[in-house]
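Sequential numbering of the sequence shown, starting at 1, is according to UniProt numbering.
Don't take each hint at face value.
[Claimed, not checked] Simulated restraints on C-beta separations:
1) T15 / I71: 31 to 37 Å
2) E13 / P65: 40 to 46 Å
3) Q77 / Q46: 23 to 29 Å
4) N10 / A69: 33 to 39 Å
5) A91 / N44: 41 to 47 Å
6) M81 / H42: 25 to 31 Å
7) H42 / Q16: 37 to 43 Å
[Unchecked claim] With a straight-line cut-off of 30 Å between C-alpha atoms, the simulated DSSO-like cross-links for lysine-lysine are:
8) K28 / K47
9) K28 / K9
10) K73 / K26
11) K9 / K73
12) K9 / K47
Read the hints as simulated data drawn from the structure, not as lab findings. Please read all numbers here as calculations on a predicted model, not as lab measurements. We treat Cβ as the ideally placed atom computed from N, Cα and C, and that holds for glycine.
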Amino acid sequence: MENQHRKIKNYRELTQAEIDLMNRIKQKGDELLELRNEVLTHLNQQKQAALGVDGELARLLDAEPNRWANIGKTDIQTGVMALVRAVAQPAGV
Numbered sequence: 001m002e003n004q005h006r007k008i009k010n011y012r013e014l015t016q017a018e019i020d021l022m023n024r025i026k027q028k029g030d031e032l033l034e035l036r037n038e039v040l041t042h043l044n045q046q047k048q049a050a051l052g053v054d055g056e057l058a059r060l061l062d063a064e065p066n067r068w069a070n071i072g073k074t075d076i077q078t079g080v081m082a083l084v085r086a087v088a089q090p091a092g093v
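Turn these sequences into a full structure, and let the hints steer you where they fit.
Quick look at the structure:
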């Protein structure tokens, strides 16, 4: 497994500090995705509570919170990928 990245086309050899930094980036991404899952749990609870309140379900659906949570997930994944790429600095595309 050592120097595994050497076998990946267009990747340079990484220092241990770079590998550690990339692992920290990925860990933070995992933490953010866990937080996003907490948001989804909250939204599900909010939706259940809104079922008995006049106008509240319509307000909640109009706000599109699940859509925004999904956008957040995509942006977290994109951000983590961009930071990892900034550290790895692969050649080419």
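*What are the numbers of the hints the structure violates, in ascending order?*
Number 12 - this is the single hint that the structure violates.
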